[in-house]
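Novice: Protein chains in written order, with my numbering: chain A, 1 to 157; chain B, 158 to 440; chain C, 441 to 715.
Derived by calculation from the structure, the hints in this document are not laboratory data.
Glycine included, each C-beta is placed from N, C-alpha and C at the ideal position.
One or more of the hints may lead you astray.
The list that follows gives simulated cross-link-like pairs (lysine-lysine, DSS-like), each with its CA atoms no further than 30 Å apart [unchecked claim]:
#, chain 1, residue 1, chain 2, residue 2
1, B, Lys398, C, Lys622
2, A, Lys45, B, Lys281
3, B, Lys235, A, Lys121
4, B, Lys235, A, Lys104
5, A, Lys121, B, Lys218
6, B, Lys388, B, Lys398
7, C, Lys653, C, Lys510
8, B, Lys398, C, Lys707
9, C, Lys707, C, Lys673
10, C, Lys520, C, Lys510
11, C, Lys707, B, Lys438
Some but not every residue of chain A turned toward chain C, in silico, with C-beta under 10 Å [stated by the list, open to error]:
#, residue
12, Glu62
13, Gln63
14, Thr66
15, Lys72
16, Leu73
17, Glu80
This is what each chain is made of:
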Amino acid sequence: MEGLLFGLVICYRLLTLILLMPLISMTTEVNQMAIGLVKLGMPYKIAYTATTALNMIPSLEEQVRTIMDAQKLRAFTVFEEGRIHEKLFAYPALVVPMVIGAMKKSMLVGVAMDARAFGCKKTRTYIDVIRFTTKDYASLVFLLTLIGVLTYFNLFC
Amino acid sequence: MSKPVIEVNNLYYRYPRSNDYVLKDINFSVEKGQFLAITGENGAGKTTLSLILSGIIPQAKGGKMHGNVIVCGLDTQKEDLAVLSQKIGIVLEDPETQLFTTKVFNEVAFGAENLGLPREEIIKRAKWALKVVRLEGYEERHPTMLSGGQKQRVAIASALTMRPDIMVLDEPTSQLDPIGTIEVFEVVKELKQKYGMTIIMVTHKSEEIAAFADNVLVINQGELLTFGTPKEVFSNKEVIKKAWITIPQVSSLYLDLLDKGLQLEEFPILPEEGVRLVKQKIS
Amino acid sequence: MTNIIRIQNLIYTYPNGFTALKGINIDIKKNDFVGIIGQNGAGKSTLLKNITGLLKPTSGDVIVGGLNTKHTSVARLSTKLGFVLQNPDRQLFADTVYNEVSFGPKNLKLTEQEINERVEYALGYTGLSSVRDKFPPALSAGERAKVVIASVIAMKPEIIILDEPTTGQDNRGCYQIMNIAKEFHKAGHTVIMVTHHMALVAEYACRTIVFCKGEVLLDGSTEEVFSQPEILKKSYILPPQITQMGSELSTVLNRKKTYLTVSDLSKDIFTRYQG
Chain A
1 MEGLLFGLVI
11 CYRLLTLILL
21 MPLISMTTEV
31 NQMAIGLVKL
41 GMPYKIAYTA
51 TTALNMIPSL
61 EEQVRTIMDA
71 QKLRAFTVFE
81 EGRIHEKLFA
91 YPALVVPMVI
101 GAMKKSMLVG
111 VAMDARAFGC
121 KKTRTYIDVI
131 RFTTKDYASL
141 VFLLTLIGVL
151 TYFNLFC
Chain B
158 MSKPVIEVNN
168 LYYRYPRSND
178 YVLKDINFSV
188 EKGQFLAITG
198 ENGAGKTTLS
208 LILSGIIPQA
218 KGGKMHGNVI
228 VCGLDTQKED
238 LAVLSQKIGI
248 VLEDPETQLF
258 TTKVFNEVAF
268 GAENLGLPRE
278 EIIKRAKWAL
288 KVVRLEGYEE
298 RHPTMLSGGQ
308 KQRVAIASAL
318 TMRPDIMVLD
328 EPTSQLDPIG
338 TIEVFEVVKE
348 LKQKYGMTII
358 MVTHKSEEIA
368 AFADNVLVIN
378 QGELLTFGTP
388 KEVFSNKEVI
398 KKAWITIPQV
408 SSLYLDLLDK
418 GLQLEEFPIL
428 PEEGVRLVKQ
438 KIS
Chain C
441 MTNIIRIQNL
451 IYTYPNGFTA
461 LKGINIDIKK
471 NDFVGIIGQN
481 GAGKSTLLKN
491 ITGLLKPTSG
501 DVIVGGLNTK
511 HTSVARLSTK
521 LGFVLQNPDR
531 QLFADTVYNE
541 VSFGPKNLKL
551 TEQEINERVE
561 YALGYTGLSS
571 VRDKFPPALS
581 AGERAKVVIA
591 SVIAMKPEII
601 ILDEPTTGQD
611 NRGCYQIMNI
621 AKEFHKAGHT
631 VIMVTHHMAL
641 VAEYACRTIV
651 FCKGEVLLDG
661 STEEVFSQPE
671 ILKKSYILPP
681 QITQMGSELS
691 TVLNRKKTYL
701 TVSDLSKDIF
711 TRYQG
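Produce the entire structure from the sequences given, and follow the hints as far as they go.
Specialist: The following block contains the structure:
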């Protein structure tokens, strides 16, 4: 029983992370995030690859919707009327084309980046300049406090 | 005749993990300021060829390449991609996948940033490029919110900030509506006429080839089937049949009349030519 | 003739407040071949989604074969009309061509024998019998497009709706896809096709509807529509090359006619030449 609960907790933690991803890309401009990461010392190739991947999430969502439409158009009703175990079997069918689509897309984005000399120089210029402002310091302090409090409760209560 | 800006000699290429050559024994050259159209069936190797011209193949993609490709005197297999990208720019087919930042201005500046140019220079270039593609005022917009024609023009501007001498466009209008297609062609025409750029365009649209291209290269199953002026290519029945080329309607009209027993003075590829030749015969 | 599709005062507003269709009235007869043209964002795809029931009208009605889409499920409508969505690559999901095509018939709860018959029929119809066991993404662009069409044919619909079927296709693919549509029309069925390819509309469509900013700009026989280049220009459409040549030659040919195909014009030129 405990094992099952533990597993569920892990699942939901992961799910929370995944569900929060679009929140990041919706609130933070991806380009700024990349520059921020570079400023914190991350190599720019890695920073851009990670943030470009975030940028692809909306198009993956749309891809899933298209496949669900295509299935509906062929009298497939499981997502609306099906039982849970039927749905469990229906979801994997969505994953295959999504993964293929994502792979194709990331390859093409890779080509588009190569074509514009991405990664050719050790350092690159950034036309956007980001600076730490009072707002940033304030939110940093807030977040650190929050993490501190949560850790305290986790460990000692 | 001026010295060619692109020379392709005995080119063979196969992708990594594949034993079949997708391009076999390709030879051609392009002079400065020319408009070369590349046509042929899907899967014939047109996109591969455009990536080879820009050095992305084999430098970033690997695979086995024989022969050599010289662009503006540089060997595309050896020269640094940063240097090559300032000689030859490339615009891909799908307007969606080649835009990956969140603001038009950042998208256009991306290439110049990678070159590590001074910030002021990049901003100057990006502004100029947006002016050339007629997208001033769109700097702050999100690329995905634009129309297809606008997206393709952003992609062209992104290549322009690298200040290349040659622009390769891989089916830039295949997904666009008629207005988007016209927008893109007008920009391309200006690049050639006003800025003297050399244009390489992969396309299936023969009426546009007839109107804009100086030469056409037809690829069939990885081999060069023919290289010539649009008139030479479209009037070559064997080539047309083998590569499934749809000739301009005015050229079909010529053949249709010929079948009936009426021969126009010459083989037309432009509608105005056709109108003139028909008038000659019947008025 | 009966109207197989009736669209009455159709207004569609997206959840974000954008009104894509502003009061559309269209009746489509059985066995018509309708071309729908207009620039991107004119409302063409929104209309198709409303006809197929994927979207429900904000106001007004869409009636397909006597069924109001408001009260009918997409699944129920799918046996009346088949919708071939844009871009095959975004919608293929099965591991083999056979499984992709049999997906619809299986959902209809047919017997195994019936399913098999339908799949064979659809594969034969589209010329895909030899690739039935292949993985769809590994096929050529032309074949992938045909797999999507075959999957719809296997539902045995009376109406087929094609959304930009030739985009991204080379000339051979284009020709093959149009041949399938032509066969389907010849068999007495109805075809509705959205496309940017004017020469195809001129050659295949009996009726053409021009959309502009969510409204119907022109609606009539293809000849009528292409005889009004000034209005077409407003929605940035140019008639095919042969139509434009025909109008320039009208004075020497002594005929005021809208030419839609090369053979139409060549016939009249030759007659004039002989006479």
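Novice: Look at each hint and say if it fits the structure.
Specialist: Hint by hint, here is what the structure shows:
1. Straight-line distance between C-alpha atoms of Lys398 (chain B) and Lys622 (chain C) comes to about 22 Å, which keeps the hinted pair within the 30 Å bound.
2. With a C-alpha separation of about 25 Å, the suggested pairing of Lys45 (chain A) with Lys281 (chain B) holds against the 30 Å cut-off.
3. With a C-alpha separation of about 16 Å, the suggested pair Lys235 (chain B) and Lys121 (chain A) falls inside the 30 Å cut-off, and the hint holds.
4. For the given pair, Lys235 (chain B) sits about 27 Å from Lys104 (chain A) by alpha-carbon distance, which is consistent with the 30 Å threshold.
5. Of the pairs offered as hints, the one joining Lys121 (chain A) and Lys218 (chain B) holds, with about 18 Å between alpha carbons and a cut-off of 30 Å not exceeded.
6. Taking the CA atoms of Lys388 (chain B) and Lys398 (chain B), the gap is near 15 Å; set against the 30 Å cutoff, the hint holds.
7. Distance check on the hinted pair: Lys653 (chain C) and Lys510 (chain C) sit about 24 Å apart at the alpha-carbon level, within 30 Å; holds.
8. Simply put, Lys398 (chain B) and Lys707 (chain C) have alpha-carbon atoms about 24 Å apart, close enough for the 30 Å limit, and the pair holds.
9. The suggested pairing of Lys707 (chain C) with Lys673 (chain C) holds, with an alpha-carbon distance near 28 Å, which does not exceed 30 Å.
10. Taken as a hint, the Lys520 (chain C) and Lys510 (chain C) pair is honoured in the structure, with Cα atoms around 15 Å apart against an allowance of 30 Å.
11. For the hint pairing Lys707 (chain C) with Lys438 (chain B), the CA-to-CA distance comes to about 14 Å; that is within 30 Å, so the pair holds.
12. A hinted interface residue such as Glu62 (chain A) counts as satisfied when its beta carbon comes closer than 10 Å to some beta carbon of chain C; here the least separation is about 8 Å, so the hint holds.
13. The criterion of a C-beta within 10 Å of any C-beta in chain C is met by Gln63 (chain A), whose closest approach is roughly 6 Å, and the hint holds.
14. About 5 Å separates the beta-carbon of Thr66 (chain A) from the nearest beta-carbon of chain C, less than 10 Å, and the hint is met.
15. This hint holds: Lys72 (chain A) has a C-beta 5 Å from the nearest C-beta of chain C, less than the 10 Å allowed.
16. At its closest, the beta carbon of Leu73 (chain A) sits 5 Å from a beta carbon of chain C; the interface hint therefore holds under the 10 Å criterion.
17. Nearest Cβ of chain C to the Cβ of Glu80 (chain A): about 8 Å, under the 10 Å cut. The hint holds.
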